[in-house]
Amino acid sequence: MLKRLHVFSSPMGFVLSALFVNGIAGGFVWPYFPIFLAGAGLSKSQVGLVLGISNILVFLVRLPLGRWLDHSHGHRFDLPLTGMLLAFPALLFFLPHTRSPAALVLLVLALGLARLPFLPLGLARLKRQSDLEKKQFSPLLFVGAHHFFLGILGLLAGAIIVSVGTGKTFAVLWLVVLLSMTPLLLPASPEDKEEDLPPAPPRLLPNAEEILILLSFFFFHLVNAPLLPFTELYMKTHTHHAGWIPWIAAIAEVVMVITAFSVSRLTSVASARIALVMASAALALRMALYGFSPSAVGILGISVLDGISSGLFWMASLKWMAERSGKSNTFNQMSGYVDLTVMTAGALGTILFGWVDGKIGFATSSKELLGLNILAPAFLLLAGKRSWVPRKKKDTRVSPGKGKDLPL
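Remember, the numbering used here sits 12 above the position in the sequence shown when you count from 1.
Every clue listed holds true.
List of simulated lysine to aspartate or glutamate pairs, EDC-like, C-alpha gap at most 16 Å:
#1 Lys397 / Glu221
#2 Lys397 / Glu335
#3 Lys397 / Glu222
Pairwise CB distance ranges, derived in the manner of DEER restraints:
#4 Lys379 / Thr249: 17 to 23 Å
#5 Pro76 / Gly310: 40 to 46 Å
#6 Gly396 / Leu217: 17 to 23 Å
#7 Ala114 / Pro402: 45 to 51 Å
Hints in this document: simulated from the structure, not taken from any laboratory. Model, not experiment: these values are computed from the prediction. Glycine is no exception: its CB is placed at the ideal position from the N, C-alpha and C atoms.
Please construct the entire structure, taking both the sequences and the accompanying hints into account.
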């Protein structure tokens, strides 16, 4: 029994637990937010507004959480932060029983925020373990595992929901999440504890070159982020295959993992920049095909393009984060800035697409907004190759011994 508990409390059990819970959130829960909201009587523009605000809420947590984890290297949370983790299954328990539109909106916003800590927690824990074992840290491996969980659990979600229905699935999902969190809540094993923490990493502020790259990421996701929820809503309202909704994201996630790992060995700075341009091209083709009002089967086929464009983007963006952070302990902060950029773009894009979709419909919206895809490659070219060079030491200084920031 003690050996089993040790396996659960091991670093790998900790990381897998964080990935699994995040996978359930992305594979089972998130795809059905538009459906729950539309079922409560919200219009498409209102659904877009709610999902957009949900993304904006990330500003409250993601960057300070990432910086804290860079410092703590994934130590077990104290009581308040453990409560933050437990909030996710607690809120999930109420989701299928909520009928009031206002209460449902608040619940969706709270669930979006409650999901947030799991992925950066797993990332920080894996980074810390790699440092302790003096192994090379591979963010691509972590992100690949993250999307693998999303893809597999999304496929599983589709099969389960088609078989037993949405209501029965969500009635027990909170308990599955709670049990899956066991490794996150167990005390650390003695060999995993550290008495001395490293100095706090410097507080990074993006410079001009990084801002141009972040703008490229912004415009990619301004277009990319709203497509999935409104494709799922289109599947619900224009086809007879609502049970296939989880498979849209699941197919994209599986293809994303295959794409990212297929090109990861070729990742030089030059190939990463080309991959970002190809990601925008695949996204533009996806939108053009949506303009033909595809059938349910067609939507699943187009999801392959979603996986290709997203896989290319994440592989290339990870390369950029790794290059810019260099040997400094700031990868999680770099990741935080990318996440904030992506979430902001997702918020504005979802609000914009929801408004346009409500006016002229999904297919026409996809065609009308197609031209926005030129902006991401444009800012990438503006940033130039210098934006991929590691930060200089003077940009990442900390005061000796105290871990306090020096002015940048």
